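Visitor: Just so it is clear: in the sequence shown, position 279 is 302 by the working numbering, and no numbers are missing.
Hints were generated in silico from the structure; no laboratory data involved. Hints are supplied without guarantee of correctness; some may be wrong.
Claimed, not checked - Across the chosen pairs, the derived CB separations fall in these ranges:
#1 Gln41 - Ala136: 47 to 57 Å
#2 Ala326 - Ser148: 16 to 26 Å
#3 Ile235 - Pro321: 31 to 41 Å
#4 Leu63 - Leu203: 38 to 48 Å
#5 Lys54 - Arg311: 24 to 34 Å
#6 Thr242 - Glu138: 22 to 32 Å
As the list claims (entries may be wrong) - Below are the DSBU-like pairs computed for lysine-lysine, each with C-alpha atoms no more than 30 Å apart in a straight line:
#7 Lys67 - Lys256
#8 Lys62 - Lys121
#9 Lys90 - Lys132
#10 Lys164 - Lys256
#11 Lys308 - Lys71
#12 Lys225 - Lys132
#13 Lys54 - Lys121
#14 Lys90 - Lys164
#15 Lys54 - Lys132
#16 Lys164 - Lys71
#17 Lys119 - Lys62
#18 Lys164 - Lys281
#19 Lys54 - Lys90
#20 Lys119 - Lys67
#21 Lys164 - Lys64
#22 Lys225 - Lys308
#23 Lys132 - Lys281
#24 Lys281 - Lys308
#25 Lys90 - Lys64
#26 Lys121 - Lys256
#27 Lys119 - Lys132
#28 Lys54 - Lys281
#29 Lys90 - Lys62
#30 Lys67 - Lys164
#31 Lys308 - Lys119
#32 Lys71 - Lys132
#33 Lys132 - Lys308
#34 Lys256 - Lys62
#35 Lys67 - Lys121
#36 Lys281 - Lys256
#37 Lys281 - Lys67
All of these numbers come straight from a predicted model, not from anything done at the bench. Each residue gets a CB set at the ideal place from its N, CA and C atoms; glycine is no exception.
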Amino acid sequence: MITLFRRLKSHGILSINQRNTDFVLRYNPRKLFPLVDDKLKTKKLALKSGIAVPPLYDIIETEQQIKTIEERLEPYTDFVVKPARGSGGDGILVFKDKVYGRYRQINGKLTTAQELSYHLSCLLSGAYSLGGSSDYAIIEKRVVVDPVFAEVSYEGIPDIRIISLLGYPAMAMVRLPTRLSGGKANLHQGAIGVGVDLATGKTLGGVFHNDIIDYHPDTLNPIVNIEVPYWNKILEIASSCYELTGLGYLGVDIVLDKEQGPLMLELNARPGLNIQIANREGGLKRYRAIEAHHQEHPNETVAEKVAFSREHFARMK
24 MITLFRRLKS
34 HGILSINQRN
44 TDFVLRYNPR
54 KLFPLVDDKL
64 KTKKLALKSG
74 IAVPPLYDII
84 ETEQQIKTIE
94 ERLEPYTDFV
104 VKPARGSGGD
114 GILVFKDKVY
124 GRYRQINGKL
134 TTAQELSYHL
144 SCLLSGAYSL
154 GGSSDYAIIE
164 KRVVVDPVFA
174 EVSYEGIPDI
184 RIISLLGYPA
194 MAMVRLPTRL
204 SGGKANLHQG
214 AIGVGVDLAT
224 GKTLGGVFHN
234 DIIDYHPDTL
244 NPIVNIEVPY
254 WNKILEIASS
264 CYELTGLGYL
274 GVDIVLDKEQ
284 GPLMLELNAR
294 PGLNIQIANR
304 EGGLKRYRAI
314 EAHHQEHPNE
324 TVAEKVAFSR
334 EHFARMK
């Protein structure tokens with residue numbers, strides 16, 4: 024991937040230092056970081072603004088609550104356990120049903136109540152949180168994968184990452200779980216990053232580690248030219264998160280649920296750079312175009328911002 028990164032240098036690729044100085048420090052006041060670093064705060068903000076999110080089932084904050092975890096989970100057949108202040112997908116467990124008194128994860132592994140309690144204790148102690156500080160657990164409804172991605176995912180749920188600058192969608196990719204990633208949509212753990220044409224919502228091809236690919240390595244199904252449903256709605260959700268948080272440079276993660284459609288999963292005030300690799304195109308030129316346009320048109324609506332991005336960042340054929 025480093026070789027590919029260097030090859031894209033001439034195409035306006037954004038470096039980590041430039042990302043930090045020109046975008047994170049400039050557009051993201053540090054005092055607002057807790058709004059996105061804490062997933063529950065993000066969820067509450069979204070609900071208040073009418074943005075759909077996975078339904079919340081429970082919050083586990085103390086060891087005393089862990090002692091009654093079986094009773095607390097009794098009403099639910101499938102659910103997700105995640106750290107409120109976690110990062111990179113660490114500490115997340117996804118359960119699809121319960122058999123013989125044990126919780127079954129999406130990879131088929133059976134987990135006892137005792138094992139789940141131990142995981143929750145580690146989570147509360149900060150094992151998965153940013154900086155290792157104490158944390159709490161969010162238990163929410165499991166997202167069921169939209170059929171459009173069913174043939175190009177391994178066990179887990181794909182997500183859609185949109186980079187938004189000043190409310191303008193700038194770049195997009197779909198992250199597809201693989202066997203190597205353990206069913207997680209995490210590029211560092213081995214998921215596939217697939218670029219998406221902002222104009223059409225169609226996938227452009229993917230990157231798996233250092234390799235440019237057009238097929239999923241596990242399912243062997245093509246990952247090119249998949250049309251992401253609800254595309255304009257997805258871009259509108261990403262755009263609206265600027266006003267939602269006050270953070271100008273954001274990574275917006277959205278999942279497609281089979282029944283509920285687009286759901287905002289979480290936000291990131293320091294989004295990674297791999298989206299450029301997935302698109303095989305640098306983002307810097309797009310970011311500069313957005314800054315120039317915003318300076319001339321500072322009061323555009325969400326719909327106008329989305330329309331601008333779809334028109335100006337269409338992938339050339």
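Visitor: Against each hint, give a clear statement of whether it holds in the structure.
Guide: Structure-based check of all given hints:
1. Distance hint check: the CB atoms of Gln41 and Ala136 are about 48 Å apart, consistent with the given range 47 to 57 Å.
2. The hint said 16 to 26 Å for the Cβ distance between Ala326 and Ser148, and at roughly 45 Å that hint is violated.
3. At about 39 Å, the CB distance of Ile235 to Pro321 agrees with the hint of 31 to 41 Å.
4. Taking 38 to 48 Å as the suggested C-beta distance range, the pair Leu63 and Leu203 does not conform, at roughly 30 Å.
5. Lys54 and Arg311 have their C-beta atoms about 27 Å apart, which keeps the hinted 24 to 34 Å range intact.
6. For the pair Thr242 and Glu138, the beta carbons lie near 30 Å from each other, so the given range of 22 to 32 Å is met.
7. Only pairs whose Cα atoms come within 30 Å are accepted, and Lys67 paired with Lys256 is accepted, the gap being roughly 20 Å.
8. As the CA atoms of Lys62 and Lys121 are separated by approximately 26 Å, the hinted pair is consistent with the 30 Å bound.
9. Our distance criterion of 30 Å between C-alpha atoms is met by Lys90 and Lys132, whose separation comes to about 22 Å.
10. Among the hinted pairs, Lys164 with Lys256 is consistent with the structure: their alpha-carbon atoms are about 21 Å apart, no more than 30 Å.
11. Straight-line distance between C-alpha atoms of Lys308 and Lys71 comes to about 34 Å, which puts the hinted pair past the 30 Å bound.
12. Proposed proximity of Lys225 and Lys132 is contradicted: the alpha carbons are some 34 Å apart, above 30 Å.
13. Of the pairs offered as hints, the one joining Lys54 and Lys121 is violated, with about 42 Å between alpha carbons and a cut-off of 30 Å exceeded.
14. A hinted pair counts as satisfied when its Cα atoms are at most 30 Å apart, and Lys90 with Lys164 qualifies at roughly 21 Å.
15. Taken as a hint, the Lys54 and Lys132 pair is broken in the structure, with Cα atoms around 40 Å apart against an allowance of 30 Å.
16. Between Lys164 and Lys71, the direct Cα distance comes to roughly 19 Å. Compliance with the 30 Å bound is thereby established for this hinted pair.
17. The suggested pairing of Lys119 with Lys62 holds, with an alpha-carbon distance near 22 Å, which does not exceed 30 Å.
18. Taken as a hint, the Lys164 and Lys281 pair is honoured in the structure, with Cα atoms around 13 Å apart against an allowance of 30 Å.
19. Under the criterion of a C-alpha separation no larger than 30 Å, the hint pairing Lys54 with Lys90 is inconsistent with the structure, at around 35 Å.
20. Under the criterion of a C-alpha separation no larger than 30 Å, the hint pairing Lys119 with Lys67 is consistent with the structure, at around 25 Å.
21. Straight-line distance between C-alpha atoms of Lys164 and Lys64 comes to about 17 Å, which keeps the hinted pair within the 30 Å bound.
22. As the CA atoms of Lys225 and Lys308 are separated by approximately 21 Å, the hinted pair is consistent with the 30 Å bound.
23. At most 30 Å may separate the alpha-carbon atoms for a hinted pair to count; Lys132 and Lys281 meet this at roughly 23 Å.
24. For a cut-off of 30 Å, the pair hint linking Lys281 to Lys308 is broken: about 35 Å separates their Cα positions.
25. Proximity of Lys90 to Lys64 is assessed by CA-CA distance (about 25 Å); at most 30 Å being required, the pair is judged to hold.
26. Distance check on the hinted pair: Lys121 and Lys256 sit about 34 Å apart at the alpha-carbon level, beyond 30 Å; violated.
27. The hinted pair formed by Lys119 and Lys132 meets the criterion: a straight-line CA distance of about 10 Å does not exceed 30 Å.
28. The hinted pair formed by Lys54 and Lys281 fails the criterion: a straight-line CA distance of about 36 Å is larger than 30 Å.
29. For the hint linking Lys90 to Lys62, the alpha-carbon distance of about 24 Å falls within 30 Å, and the restraint holds.
30. Among the hinted pairs, Lys67 with Lys164 is consistent with the structure: their alpha-carbon atoms are about 15 Å apart, no more than 30 Å.
31. As the CA atoms of Lys308 and Lys119 are separated by approximately 43 Å, the hinted pair breaks the 30 Å bound.
32. For a cut-off of 30 Å, the pair hint linking Lys71 to Lys132 is broken: about 36 Å separates their Cα positions.
33. Only pairs whose Cα atoms come within 30 Å are accepted, and Lys132 paired with Lys308 is rejected, the gap being roughly 45 Å.
34. With a C-alpha separation of about 22 Å, the suggested pairing of Lys256 with Lys62 holds against the 30 Å cut-off.
35. For the proposed pair Lys67 and Lys121, the alpha carbon gap of about 29 Å is at most 30 Å, so the pair holds.
36. With a CA separation close to 15 Å, the supplied pair Lys281 and Lys256 stays within the 30 Å bound.
37. Annotation: proposed proximity of Lys281 to Lys67 holds, straight-line Cα distance about 23 Å (limit 30 Å).
Hints 2, 4, 11, 12, 13, 15, 19, 24, 26, 28, 31, 32, 33 from the earlier list are contradicted by this structure; the remaining hints agree with it.
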